[in-house]
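Peer 1: Start from chain A and add chains B and C according to the hints.
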Amino acid sequence: MSNKINPIVVAPEELHEKLAALKAEGYDFLECLTGCDWEEEGLGVVYSLTKSSTTFEMTHIKCVANDKENPTLPTVSDLWDIANIYEREVYDFYGIIFIGHPDMRRLFLREDWVGFPMRKNDHPEEKNAEIPSTNEEISDTRHKYMIDADGKLVCEDSPVFAEDAYVVNIGPQHPSTHGVLHLRTAIEGERVKQIDPHLGYIHRGIEKLSENMTYPQTLALTDRMDYLGAMQTRHALCMCIEQAMGIEVSPRVQVIRTIMDELQRIDSHILFFSCLCQDLGATTAFLYGFRDREEVLKIFEKTTGGRLIINYNMIGGVAHDLHPDFVKDVKHFINETMPKGLKEYHSIFTGNVIFRNRSIGVGPLSREQVISYGCTGGTGRAAGWHCDLRKHRPYAAYNQVKFNEITYESGDSMDRYMVRLKEIEESCEIIRQLIDNIPEGPIQEKLKPIVKVPEGCYYSAVEGSRGILGVYLESKGDKSPYRLHYRSTGLPLVAALDEACRNYMIADLITIGGTMDYIIPDIDR
Amino acid sequence: MANTSYFAGLIGGIKSLCTGLGVTFRELWTPKITERYPENRKENHIPERFRGTLVMPHNENNEHKCIGCGICQMQCPNGTIKVETKMVETADGKKKKQLVRYVYDHGCCMYCMLCTRACPQGAIEFSPEYEGAVFARESLFKVLNQPGSKCVEKPARPAAAKPAAATEGAKPAVAQPQTADADAAKAKAEKMAAAAKKAAENAAAARAAANEAKAAAEANAADTALQEAWKEAEAKALKLETAAKNFAQKAAEAAADVK
Amino acid sequence: MFDFSVFTSWLDAALLSVMPGWLTILVECVLVALGIITLYAIFAMVMIYVERKFCAFVQCRLGPDRVGPWGTIQVVCDVLKMLTKEIVSLRKTDRFLHALAPFLVVTASMTTFACLPWNKGAQILDFNVGVFFFLAIGSIGVVGILLAGWSANNKYSLIGAMRAGAQIISYELSIGMVMLTMICLTGTMSFSEICQNQAEGGWYIFRGHFVALAAFIVYLIAGNAECNRGPFDLPESESELTAGYHTEYSGMDFGFYYLAEYLNLFICAGMASTIFLGGWAPFVIPGLDGFNEVMAIIPGFVWFLVKVFFVLFLLLWERWTFPRLRIDQILTLEWKYLIPISMLLLVLMALCVSLGLTF
Chain A
1 MSNKINPIVV APEELHEKLA ALKAEGYDFL ECLTGCDWEE EGLGVVYSLT KSSTTFEMTH
61 IKCVANDKEN PTLPTVSDLW DIANIYEREV YDFYGIIFIG HPDMRRLFLR EDWVGFPMRK
121 NDHPEEKNAE IPSTNEEISD TRHKYMIDAD GKLVCEDSPV FAEDAYVVNI GPQHPSTHGV
181 LHLRTAIEGE RVKQIDPHLG YIHRGIEKLS ENMTYPQTLA LTDRMDYLGA MQTRHALCMC
241 IEQAMGIEVS PRVQVIRTIM DELQRIDSHI LFFSCLCQDL GATTAFLYGF RDREEVLKIF
301 EKTTGGRLII NYNMIGGVAH DLHPDFVKDV KHFINETMPK GLKEYHSIFT GNVIFRNRSI
361 GVGPLSREQV ISYGCTGGTG RAAGWHCDLR KHRPYAAYNQ VKFNEITYES GDSMDRYMVR
421 LKEIEESCEI IRQLIDNIPE GPIQEKLKPI VKVPEGCYYS AVEGSRGILG VYLESKGDKS
481 PYRLHYRSTG LPLVAALDEA CRNYMIADLI TIGGTMDYII PDIDR
Chain B
1001 MANTSYFAGL IGGIKSLCTG LGVTFRELWT PKITERYPEN RKENHIPERF RGTLVMPHNE
1061 NNEHKCIGCG ICQMQCPNGT IKVETKMVET ADGKKKKQLV RYVYDHGCCM YCMLCTRACP
1121 QGAIEFSPEY EGAVFARESL FKVLNQPGSK CVEKPARPAA AKPAAATEGA KPAVAQPQTA
1181 DADAAKAKAE KMAAAAKKAA ENAAAARAAA NEAKAAAEAN AADTALQEAW KEAEAKALKL
1241 ETAAKNFAQK AAEAAADVK
Chain C
2001 MFDFSVFTSW LDAALLSVMP GWLTILVECV LVALGIITLY AIFAMVMIYV ERKFCAFVQC
2061 RLGPDRVGPW GTIQVVCDVL KMLTKEIVSL RKTDRFLHAL APFLVVTASM TTFACLPWNK
2121 GAQILDFNVG VFFFLAIGSI GVVGILLAGW SANNKYSLIG AMRAGAQIIS YELSIGMVML
2181 TMICLTGTMS FSEICQNQAE GGWYIFRGHF VALAAFIVYL IAGNAECNRG PFDLPESESE
2241 LTAGYHTEYS GMDFGFYYLA EYLNLFICAG MASTIFLGGW APFVIPGLDG FNEVMAIIPG
2301 FVWFLVKVFF VLFLLLWERW TFPRLRIDQI LTLEWKYLIP ISMLLLVLMA LCVSLGLTF
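Protein chains in written order, with the numbering used here: chain A, 1 to 525; chain B, 1001 to 1259; chain C, 2001 to 2359.
This is chain A alone, in the form it adopts within the complex (with noise of 0.2 Å):
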């Protein structure tokens, strides 16, 4: 099976018209939109969308703009909600300016940043040498850029906020925002009318950071993204390398890397539901919650010798082979600690008649508007979209085992709550399927001294934690990625937030946001 994926190149003029054709064909969404410097080619965007329908299909569409110095492309913010944010992000690291996209702002860097950083030819470090010891004035602005009459660009300005808005801070320091997240909300009494996200405090390059890389090395900054997701992330990217060099690796790591995927997927969605007892003041709880994580930490920590960061899928394999008691370990949470476990949580927590009350209606997002911000994972299949990849689109060991979707219809925050409890039963169903007949076979493939991967672009996904991780890998060929994209899980959740709060209180932005279950290193990559 190859991932090698042959973009189909579009003119900037008839880049809008072709996209909204595919919208219209069933490609309504936009799974990944990927800036790119080709250097002599020029700047431009690589989109890819997706069948939302059961196919989940999907097709590439690269956009290169005509300047290259000031690049411009037409927006797609009126198709796909979460074009918005994506674009930004474009803006923010490549320059390319958006032509009518309503908030041409930056999203991850400070606003008196110089250059844009990604760009080949930057140097950030000459047009930044000075470590600014000022706070980062943030900007109320919004820049609407227009061609006029002339073929002129102009910008057109209007406020962030409405003038008398009354706009409280919450975060970057903050108990529930669960990291350096920045929501600017603007109130009314104790009412939200609307919030700004404002991204980018532990924004580390990652992806900059990996086109100066070798292969093996780029691993070891996967794990450091989505931390609740670190086996999955790292599987992306190993499988991508691996099916774009033609590796096949044996049954055994496919099995191996499938339980670790779900279990990964238990911790998390344990984390998940402990969080947001913490945030809604059931203090209790959460500890139930971590006392029960405990033993997968302990689980992961005899096979792999890590806890939270794991480096445990390597291109061709894996590190270590599976410790001796790890059949029996994994049978006894699976079969014993998390049924009680389960029990716990409803009782003490699903059930509660102040929980209900908290979440029953609140924040619902329709299946249209998960498509159209990109929030998969619970939060989509909360709302009714089928868009589990592990059904869609299967990888590792997932064909050979039965388990349900889970999905509910409203798209409030009590089905996304469900959705994840759902799922932990379903993740160990999966595991019970799986853990008796792991197959022998190597764990390790023999690979080259060194990873060079042939040229081309190649996209794989996984269903991670909390929704799609897609890796997009460009190769020109050498021991170095020319350029390595991860499709956040987070940014569409902290995109859609704004939508999903509006008219809520501020109480129940904390219970939206925990439900919603971003992890803000993967927002900030």
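Where hints are given, some of them may not hold.
Computed list of lysine to aspartate or glutamate pairs in EDC-like fashion (alpha-carbon distance at most 20 Å, straight line) [to be verified]:
(1) C/K2155 with A/E294
(2) C/K2155 with A/E163
(3) A/K302 with B/E1035
(4) A/K302 with B/E1241
(5) B/K1032 with A/E344
(6) A/K62 with A/E426
(7) C/K2155 with A/E190
(8) A/K302 with B/E1048
(9) A/K302 with B/E1043
(10) C/K2155 with A/D28
(11) C/K2155 with A/D196
(12) A/K302 with B/E1084
(13) A/K302 with B/E1129
(14) A/K193 with C/E2318
(15) A/K298 with B/E1084
(16) A/K298 with B/E1129
(17) A/K328 with B/E1048
(18) B/K1032 with C/D2065
(19) A/K298 with B/E1048
(20) A/K402 with A/E368
(21) B/K1032 with C/E2051
(22) A/K144 with A/E130
(23) A/K208 with A/E125
(24) B/K1015 with A/D164
(25) A/K152 with A/D67
(26) B/K1032 with A/E336
(27) A/K208 with A/D478
(28) A/K298 with B/E1089
(29) C/K2155 with A/D164
(30) B/K1032 with A/E455
(31) B/K1015 with C/E2318
(32) A/K298 with B/E1131
(33) C/K2053 with B/E1084
Quick caveat, the hints were computed from the structure, so don't treat them as lab data.
Peer 2: Below, chains B and C alone, put in the same frame as chain A:
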């Protein structure tokens, strides 16, 4: 819960609250899970694969296995390892790299295992030693080779081969005399012979390139770039020739072992 | 049963014999004030320790266990830390109100603390309208919270204070109503008489049977909300407003809020045990004279404390079980459930008393 009536809602609510109270009441009497560190240091079992810090095991003669090749340093994604070496002349007049200091910056390490997996000698490994906190940042820089230690001579490789050794290694494993297993020795000798042949070929090619460069440089004495290129090619050829010689010698040794 | 007034009248007489009347009163006042402050501090520390241990045990943890045996000295260390911390003064705050607010809160809670009947004859403030006084003084605390939120010039504080205003004032209605229900039964508003009645005729929670039991539960819920304790800790709600109205306080200014919060909980439990569980009155079963005599040997203040800690256990238990309510839910609970229920209870109690259906 808009569709439930006032009283049903009230009673259902009270019931759910009581269920919750029941759970916490039961938990009040369950065994506690707190780990009493540091009192439990003795019984606190850390899995052996846990990566706490990088170590270089030494044997009873204060010898380690590091040959100073620097592959670990090259593999490290963020410059955690500095291998300081010097060239020494061995008794039989050969030049040989020797480890001076193996500096490991514990504060920088990501525990990604690229170094240990790449090490052709199995000289470094991770230990589950987890109490790594120190008072000053400088103390995090650790010299892993013990004072006065030296590389083990003719090291006998442990029988259990490292899994997937040298996956990312930049070179094939350097010659290692085998134990008295005749078959293995023979295979080794063959391998060595092949390696020696290859090295000789490489050396010859490099020599040819150097000669070419020399000719070009001599023809164009004014062009400094060509001069540089010549010098470089010359150095490379020399290096490869030495390597070829070494390989040839080792191949001969291996052949002798077979006999 | 030991009557504490024996000791107080002896002290009064002894002082009067050596000094004039006005000085006696002054000395007595100072002694009493010192007594209150000491008790206040000690009970705050005990409460903090009890709460930390209790919540740890519910959460499968051990809680503080490093300083002193079973961590008992931990709280002392925390208090010392709090006392030595710098009080940060901020620009653009209303300095005077900002400094005043914690004192209002502490004063209110100390004064209500003084209303508690510790033992027979051991009461500091005892009026014939004691219940009334208690309610009136207790409401001063909310002024302190509102001032804290307003003066800090912080948006979180302000939102927290607004919530506190809405919440505390609403819940005072149910507390008043429940108190009224019980006054129907007691026929007096003086705490000493309430206790005395219960010592003679049995605890009101038994005498008022199911009406009193329901009133007891309503009182616990409303009292908990008055104290800003979880699940009603909206004014602070650390996951929404970081620390609500006391976000900008540091050092002992913050410590005062902390003290007051715990002591208010103690006072709430103390009031519940005074009105419903007989205060210092021992547990007696009519007819079992031997048992009753043994019970009567146990001093009154021990009875009082045992009851208070029982009620505290109930309060802590629910605090560490439930998630926090939302502001609209908290007001719904009060206005749509508790107030109608407490009104109904008042009517029922009046009927019971007039028809002689109580014991």
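Peer 1: Work down the list of hints and note, for each, if the structure agrees.
Peer 2: Taking the hints in turn, this is what the structure says about them:
The suggested pairing of C/K2155 with A/E294 is violated, with an alpha-carbon distance near 38 Å, which exceeds 20 Å. As the CA atoms of C/K2155 and A/E163 are separated by approximately 17 Å, the hinted pair is consistent with the 20 Å bound. Proposed proximity of A/K302 and B/E1035 is supported: the alpha carbons are some 18 Å apart, at most 20 Å. Of the supplied pair hints, the one linking A/K302 and B/E1241 is violated, its CA atoms being roughly 47 Å apart against a limit of 20 Å.
For a cut-off of 20 Å, the pair hint linking B/K1032 to A/E344 stands: about 16 Å separates their Cα positions. For the proposed pair A/K62 and A/E426, the alpha carbon gap of about 38 Å is over 20 Å, so the pair is violated. For the proposed pair C/K2155 and A/E190, the alpha carbon gap of about 12 Å is at most 20 Å, so the pair holds. Distance hint between A/K302 and B/E1048 is fulfilled; the C-alpha atoms sit about 7 Å from each other, no more than 20 Å.
Taking the CA atoms of A/K302 and B/E1043, the gap is near 16 Å; set against the 20 Å cutoff, the hint holds. Pair hint C/K2155 plus A/D28 does not hold up; C-alpha atoms about 41 Å apart against a cutoff of 20 Å. Of the supplied pair hints, the one linking C/K2155 and A/D196 holds, its CA atoms being roughly 17 Å apart against a limit of 20 Å. In summary, the hint linking A/K302 to B/E1084 is not supported, as the alpha carbons are separated by about 34 Å, beyond the 20 Å threshold.
Only pairs whose Cα atoms come within 20 Å are accepted, and A/K302 paired with B/E1129 is accepted, the gap being roughly 15 Å. Restraint check: the Cα-Cα separation between A/K193 and C/E2318 comes to about 34 Å, which exceeds 20 Å; the hinted pair is violated. Proposed proximity of A/K298 and B/E1084 is contradicted: the alpha carbons are some 38 Å apart, above 20 Å. Note on A/K298 and B/E1129: the hinted pairing holds, with a Cα-Cα distance of about 17 Å set against a maximum of 20 Å.
Taken as a hint, the A/K328 and B/E1048 pair is honoured in the structure, with Cα atoms around 18 Å apart against an allowance of 20 Å. Of the pairs offered as hints, the one joining B/K1032 and C/D2065 holds, with about 13 Å between alpha carbons and a cut-off of 20 Å not exceeded. Between A/K298 and B/E1048 the alpha-carbon distance is near 12 Å, which keeps this suggested pair within the 20 Å criterion. Between A/K402 and A/E368 the alpha-carbon distance is near 28 Å, which puts this suggested pair outside the 20 Å criterion.
Only pairs whose Cα atoms come within 20 Å are accepted, and B/K1032 paired with C/E2051 is accepted, the gap being roughly 17 Å. Taken as a hint, the A/K144 and A/E130 pair is broken in the structure, with Cα atoms around 30 Å apart against an allowance of 20 Å. For the hint linking A/K208 to A/E125, the alpha-carbon distance of about 13 Å falls within 20 Å, and the restraint holds. Our distance criterion of 20 Å between C-alpha atoms is broken by B/K1015 and A/D164, whose separation comes to about 45 Å.
For a cut-off of 20 Å, the pair hint linking A/K152 to A/D67 stands: about 13 Å separates their Cα positions. Under the criterion of a C-alpha separation no larger than 20 Å, the hint pairing B/K1032 with A/E336 is consistent with the structure, at around 18 Å. Straight-line distance between C-alpha atoms of A/K208 and A/D478 comes to about 16 Å, which keeps the hinted pair within the 20 Å bound. Distance restraint check for A/K298 and B/E1089: the Cα-Cα separation of roughly 50 Å exceeds the 20 Å cut-off, and the hinted pair is therefore not satisfied.
A hinted pair counts as satisfied when its Cα atoms are at most 20 Å apart, and C/K2155 with A/D164 qualifies at roughly 15 Å. Distance restraint check for B/K1032 and A/E455: the Cα-Cα separation of roughly 56 Å exceeds the 20 Å cut-off, and the hinted pair is therefore not satisfied. As the CA atoms of B/K1015 and C/E2318 are separated by approximately 14 Å, the hinted pair is consistent with the 20 Å bound. About 18 Å separates the Cα atoms of A/K298 and B/E1131, which keeps this hinted pair within 20 Å; it holds.
Distance restraint check for C/K2053 and B/E1084: the Cα-Cα separation of roughly 54 Å exceeds the 20 Å cut-off, and the hinted pair is therefore not satisfied.
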